[in-house]
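These protein sequence lines are chains A and B, in that order.
Note that the first sequence covers residues 1 to 244 in my numbering.
Note that the second sequence covers residues 245 to 457 in my numbering.
These are computed hints drawn from the structure, not numbers from a lab.
In this text, a Cβ means the ideal position worked out from N, Cα and C, and glycines have one as well.
Derived Cβ-Cβ restraints for the label pairs, each shown as a range:
no.	chain 1	residue 1	chain 2	residue 2	range
1	B	R295	A	V188	27 to 33 Å
2	B	Y409	A	Q6	31 to 37 Å
3	A	G178	B	S372	43 to 49 Å
4	B	Y409	A	L196	24 to 30 Å
5	B	V273	A	R49	36 to 42 Å
6	B	V365	A	V132	54 to 60 Å
7	A	L207	B	R295	18 to 24 Å
8	A	W50	B	V297	55 to 61 Å
9	B	F425	A	R136	48 to 54 Å
10	B	Q382	A	P81	55 to 61 Å
11	A	V132	B	L322	53 to 59 Å
12	B	F327	A	A46	48 to 54 Å
13	A	Q6	B	Q382	54 to 60 Å
14	B	S372	A	R47	54 to 60 Å
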Amino acid sequence: MSDNVQKLVDLLPQLGEGILVTLQLTIAGAVLALIIAFILGLGSRARTRWARVPSRVVVEFFRGTSLVVQIFWLYYVLPLPPFYVELDPLACGIIALGLNYGAYAAEVVRGSINSVPTGQWEAATALDLGGVHRLRRVILPQAWPLMMPMFTNLLIQLVKGSALAAYITLHDINFFIGELRKGTTDTVFAYTVGLLLYFVFAYALTLLMNALEARAKHKVGQGPSLREVLRLTPARTAGTEVRS
Amino acid sequence: MNDFWSWDHAAAVFPDLIKGLGITVLATVVGMIIAAVLGLVVAIVRRSRVRTVTMPVGFLVEFIRSTPLLVQLVFANLMFTQFPSLAVGCVVLGIHYATYMSEVYRAGIDAVPGGQWEAAVALDLPRSRTWRAVILPQAIRNTLPGLGNYAISMFKETPFLAFIYVVEMYAAAQAYGGANFRYIEAITLAGLLFLLVSYPTSLLVRRMENRLA
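One chain only, chain B, in its complex shape:
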């Protein structure tokens, strides 16, 4: 039994994991802010009627969406060595998820009834005001569950940051395992901590979904 699970090792690795969890949450929050803002910009730009703008943006979004986040992270980290890995990681996470978020915003904007656009035209509102005061407040309400779901999924993808030497929760577990030749407690606890944070959050998002629906 002692071979199987040692509480001493579990207790020893725990502070490292909590410190790593802080970095994990930080990366998720910063990444999600970038994704939420950039995703909205992309969604609005893609609605433009100028094909010379929408075509390259559309291709870029498809390209980023269908290539692995891991490869993008390593690539960006090799390119921008002058910046700290954590900053590069947050930005890459943000850009990657912005391509997902832009689809969520697109669906939200499409779901605003056409009458709202017509009413804005009838009231002679300028285009910027139509977006700001009429369309977006209604569209963003629809996108909140999507935002929550992607935040959870980004949270679970932050361990990829370990491959660009950011010591988040998984990297902390890995480092402890390597130093003490005890992987069981470290990696298992890291996994359970992910579950402990992401499961209640997903319940919360589901409740929000039901409320807004």
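Same shape as in the complex, but just chain A:
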């Protein structure tokens, strides 16, 4: 056992590199997914067919095909004729993750905007707010807290999907697990360490997203502010006031 730990310590620089690659894939993939989600989500609510139909087709296409197929299509097919687009493996991973989870998130964006009460739309129109203004100041602040829990789920899915990167020559956490296994010849040890790494990674992201969700909710007047949530002493509520 102590040999295993020694080996793990020896491999720490590679572990750092692995975490960095997974982190890059996660952050860049998530940012790309968010941008795509808003473009496609708003596009599929547009009144003109020219925006709605292409948005729906793209969303259904990337939701309907498998992430594995997409990532390898980008990696193997794109450099061949007639495309001749040779992407860096990291870019391949980021684009595939962004497109796939962006399509899922586009549905979240669409659904959340749809569930903002129609009265809000009418009130914004009555106040003569323009289209962009209405969306930015009235609709999105209310739709955003609805999106957050589902975005959290998708983000965890994205982290899990990023494990594929090891198969397009990227040295991510998954690749590191293989190296650790080779170094220690102890499959159980290597994979337990690896799975725990992913678990901690996902857990940290969940905590971060929960904090963002609390902030988003507080901004539309639901729930305590983030500062109150994070404060060590429990916030004084009306109930405790009466007792003391």
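Please arrange chain B on chain A, whose structure you already have, making use of the hints.
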């Protein structure tokens, strides 16, 4: 144009892909049966009041849910070399999705009105009968769309089985591409076949959702 897409290659790879699609569907069906049954067991166990049971189960579910399926598959395949990869793959898929399904069941069980539990107590039904005859029939009705959605998503995750050497549809495409240096037709067709199966199924699930809602 001939460089771009060759129908000869497309026709040559097609039978392999269909054979792979069979394995893909088989893995999905077996995996989903395991997930549906195990998910229900987990959901019921997690409702128990004994913390020494619910805590470890809860941790295990969270752990499996938030770690990559791919890593779990490779790990299990290295551990259980005595079993065929396809069987290991189906079981791992099933266990992974059982953790998702348990949440669907939990929501379904929570949605059964409290009056139903009280009525069962008032009628002096034993606990097993309450679950079997009163709660579950109502709860499972709510969970059918969730089951359908996860079946589709599992279908799209079966290509992960290619990494434990199960020749499902994606692996068949990959093998053809490697042998003939023609990836375009094989991988593109595999992608389109996924779409061809999953899109109509998702429409069906959406209809079911609307019906039950």
